[in-house]
Amino acid sequence: ITFLIACLAIAALPGFSGFFSKDEILWEAFSSPHGGAALWLVGVITAALTSFYMFRLYFITFHGELRSGGQAHADAAHDHGHGGHTGHGTPHESPASMTAPLMLLAVLSIIGGWVGLPKVFFGDNAWGHFMEPVFAVGEASGHGAGAHDSGMEITLMAISVVVSLLSIAAA
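Take the sequence shown: its letter number 91 is residue 91 in the numbering used here, and every next letter is one higher.
No lab work stands behind these hints: they were computed from the structure. Be aware that one or more of the hints could be misleading.
[Said to hold, decoys possible] Here are the simulated distance ranges between beta carbons:
no. : residue 1 : residue 2 : range
1   : Pro91     : Gly151    : 31 to 39 Å
2   : Leu165    : Leu39     : 38 to 46 Å
3   : Gly64     : Leu41     : 29 to 37 Å
4   : Val162    : Glu65     : 25 to 33 Å
5   : Glu93     : Asp149    : 29 to 37 Å
6   : Ile111    : Leu165    : 27 to 35 Å
7   : Asp149    : Leu66     : 47 to 55 Å
Idealized CB from N, CA, C, for every residue including glycine.
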């Protein structure tokens, strides 16, 4: 379950931390004076590849054919102690020392993005105000984003979500 949550977050589906960060980056790539549609497209293609390979990994690992049993056990039985055994038996859950940190990361993958929602959803937020001094430096140097167009930002978000979903389906 934690691996699936991680995949959903890195595939940047709505509601997960990766969605908010990816779409903020893509919006800046599109609207920045140093960006544009071509840079946005490169970002969307990269996000699509990420969604594809993460879900390919998820599907092969958790829904694919079991590769640790069967032939590996038969080979080990005929090996007579010469080190040919490569399987580890039946799949099992990891110990709590591994799953507890993964559970914490899964929770953060779900709630982490809600700390600073994009302006298009709720306007300014506490995280944005906290980060204002950093962004002010960028804007003063001419590296800030261009004029804000909420309709275009929502359209670009929708396109990137559809592309991610298509990549998951392809995986």
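Here's how the hints hold up against the structure:
The beta-carbon spacing between Pro91 and Gly151, approximately 48 Å, falls outside the hinted interval of 31 to 39 Å. For the pair Leu165 and Leu39, the beta carbons lie near 22 Å from each other, so the given range of 38 to 46 Å is not met. With their beta carbons about 32 Å apart, Gly64 and Leu41 fall inside the hinted range of 29 to 37 Å. In this structure the supplied range 25 to 33 Å holds for Val162 paired with Glu65, their Cβ-Cβ distance being about 30 Å.
In this structure the hint that Glu93 and Asp149 lie 29 to 37 Å apart at CB is violated, the actual value being about 48 Å. For the hinted restraint 27 to 35 Å between Ile111 and Leu165, the CB-CB distance of approximately 22 Å leaves it violated. With their beta carbons about 50 Å apart, Asp149 and Leu66 fall inside the hinted range of 47 to 55 Å.
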